Amino acid sequence: MPRIAVILSVLLMSSAAFSQEEAEPAPGPCHQYLRVFATYDELVNGKLVDKVSTAELTNWSRNSTFEGFVATKDTPANADLTVEFTKKKAKKATKSVHGGFKDWKLDANYRLADLDIHKVLDKRPTAEGTYTVHLHADGKNLCTETKPVVIDAE
Amino acid sequence: MLNVRFFAAPVSLAALIFFGGTAQAETLDLKVTANPSLRVRTLNGEHFCSLRQGTIVTPIGRVDDGERVRVQLTNAPNCRPNTGYVDKSYLRSVQTGHDGYEQSEVNTDGLSLRSSPRVDESTYKCALSRATKVDILEEPRGQAATNWLRVKLVSPISGCPNEGWVSASYLRPALDLDSLPVVREDRRGRTEQCTDCELAPGRRRGTDATADAARAIESRARSAEAGQSPFITALNAIKNNRGRCPRGSAYPCNRGLIQMPLVGRNAAFCGSNHYNPDSPPGSDAYAAPHTACALGALAQEWKKTACPGGGGCRLSWGDISHKTRPRWNGHVSHTDGECIDIRPFNVGEFSNTGRTWQSRGYDRQKTRDFINMARRMGASPIFFNDRQLRKEGRSGYASGHENHIHICFKNNRTTQATCNNFRVDPAVCPELQ
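One line per chain: the protein sequences are V and C, in this order.
Per our numbering, the very first residue in the first sequence carries number 20; after that it's consecutive.
Per our numbering, the very first residue in the second sequence carries number 80; after that it's consecutive.
I should point out that these hints are in silico values taken from the structure, not numbers from a laboratory.
Bear in mind that the values here come from a model prediction, so they are computed numbers and not experimental data.
One or more of the hints may lead you astray.
What the hints assert, rightly or not - In the DSBU-like style, the derived pairs of lysine-lysine whose C-alpha atoms are separated by at most 30 Å in a straight line are:
id, chain 1, residue 1, chain 2, residue 2
1, V, Lys110, C, Lys231
2, V, Lys108, C, Lys383
3, V, Lys70, C, Lys383
4, V, Lys124, V, Lys166
For reference, chain C alone in the conformation it holds in the complex:
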């Protein structure tokens, strides 16, 4: 069922006060476009409620990562506290143009305008450039919702029809969110907004950082004395703290995720290799406790039994999840620390270059063995487009997965059993000891 929406122009009094009473010709309210809902998080990235598609929120600040906006949750009485942080990609201005339609703006170059909501050569009409303004005429909801919008060009463009369909993902609020004040967190974890400061991510006062480092060292020492792996102890501490990072965690921890240990830029736990690392180091290596445990177990078992001598069978992994940003690098599934990208294996010497399943030197047997081992330990789903492995039912198809295996360790019974049975072998995985 399609709903055609006509928006009035709501006046946002809070926004007027916020901007010092400056009269605004257009509203500053934003609408949630994520289908079916958008997660609301704390500044630290912890999810505490969700907003249904279509919910109206008022932006009151921004995070200097350029991706998150602080919003007032007046229209979401189930969300407590009544402010939170959301990904701005899933917000759209409800500002209206002179004719009463909701107006938006193209935020990429070459957005295809199509005759119908379908990616097909026959539907392509023309390309819209960045900053093109459009009126939104129709927005499918419910079961028909597919992230398409029927739009009308505010100003005619030569070679383009006046109306057509575009992907909603490439429209953004036409207002300038950069004018919102930057949000920061003080020593006591309280947020405050400053209009003239620049927040350096991760910057902390010297005394806080020193105290935390001391607690981390002490925590590792206590674990070692008790004969436990400090890494496993740190994972259990997160679980026992209701999924939140405890102060003085022995391993870097943020938003309930733990960083998989790195030895160098690429050298990582259990003899593995971390390819294409992000900056700062380790920021792309954050895993949920159950995932970190299972991944550690898998890496140890792989090294011990399948690849003791290294070489092309050496485990090489890329993105897990980001330290602070649930959504990053275009990912939609590497959000909560449960999924890992892994390179397929090659014959012969280890190589830190990529390869596809169709590359010369690709080692299908080793890749098959690895997928089997991962699945036995609880990995699901597993995506990798090797035609033969898919035919064997070992992996599923997903676009763009010719050159990496996407595996997820969700919190299922098999993963839990893997974790419960995991004993760190310091000779193989000294980084987890």
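Same shape as in the complex, but just chain V:
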């Protein structure tokens, strides 16, 4: 009977291992330096209050748009950012925008990328592909990160 108990335990443990939920994903390459942000309003104690959210870089689609990029305090003051869009199956980026960073009134912990992301990313994407951010400072590439651009209308 003990042998059966051991076998059953091993089987149960194996089953648990296979059904274990996936571990938290690793942070992206630009995690230390960049975030995306989105503003919104919220009812607080009966009054509408304007707020802002920041988050790690995410894919771009109608259900996950953001308004721009911000740099964390780890980003050098003289950094600049390039954002590119590459259409699916294209070999090169089809659209690109570039800019430095400036003070951000909404949150002093970050600096705002001085570029219009809608020159690269349509609010309602009509073409699938990827967007890539390249962060440079002092002539060096600090980080590059690529995320999908998805058409998610159904």
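Starting from the structure of chain V, add chain C where the hints point.
The following block gives chain C in isolation, referenced to the frame of chain V:
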């Protein structure tokens, strides 16, 4: 069974008269390409009949939203009245070229021409640019119909074979529909066409708007006096009016759908958040009465029991259906107010940014709880691509659904029971009171 079609060049006398007798070298008739049928609606968006694939219609006007065409329904005797509005994306010109084939035009950049009707790297031949003219050689019908067409290039293109297969969704009538007169509705709801006017959507005469606003206020006051939720009363009024919006609805209502209440740009009913709002505000938040009721019940229950303190578990919703346009933003299912897009939840503070099920900070347990609650209240189908939740049988897979949950409240028994049992708690959902 494939049907190869050769079209003669029908002469549309009505179209000739309409354009002041100008001789047209090509017909203005259009063919329905939607499979199996295309819905015909009133200007207000109410569906009243359907046209089978292949039905020929004559365009006689256009709506200034750029998406709908007014058509004469001569070949659809079951449609009454004999004019209606259809989505122009599902129409194709039956104009013919010199060799008798139906001719069409590419309406997007980079349309793939393929060697067979299959999306595969091996079938790709070249990309056709916008405005490329093609002759339609073959159009599969019936069970073989898959929205593919076999075409021939009218003019040769370097690097492209002369014939191949393309997706019919990206072909359009080669004629200029913008030359059709704009349709508008007068105060009495009668349509008239004007050739030199610009219609401002939603524009109404001051006296009509004022009278309706007064009726709306009165309606809410009567409901409140009777101890009923004005929102539930407004939903019942639509149901009792055979699915049409009654005059003076307490809540914005159009084509039988009611707008879910918004407090600000994003702040919405029952403490929820409306992300990526369309303009004008609320135009993307129209729900069918049974869906609005169930969604309100779900939002209230969620806030009360699962997320009383707010934070990352706060309900955040996007598109429902459009106020006037059944088809919009590329959606094919957010047409009749029954489906809602909802963001998956995150741990910690609330964030108005998007996330996928693979994002750091994604809260699978809260998302699981929400899907369970929605399903208990009648939601079906539910699409969300979280591999674990799909394995558990809680959601189904649909392309592009990594970052949102698509739920629908159809008019089934469970949804009806949810609605019948829904009592608005003004402390949680004051917007519905």
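Here is how each hint holds up against the structure:
| no. | hint | verdict |
| --- | --- | --- |
| 1 | Lys110/V x Lys231/C | holds (28 Å) |
| 2 | Lys108/V x Lys383/C | violated (47 Å) |
| 3 | Lys70/V x Lys383/C | holds (23 Å) |
| 4 | Lys124/V x Lys166/V | holds (27 Å) |
Going through the hint list in order, the structure does not satisfy hint 2, though it satisfies all others.
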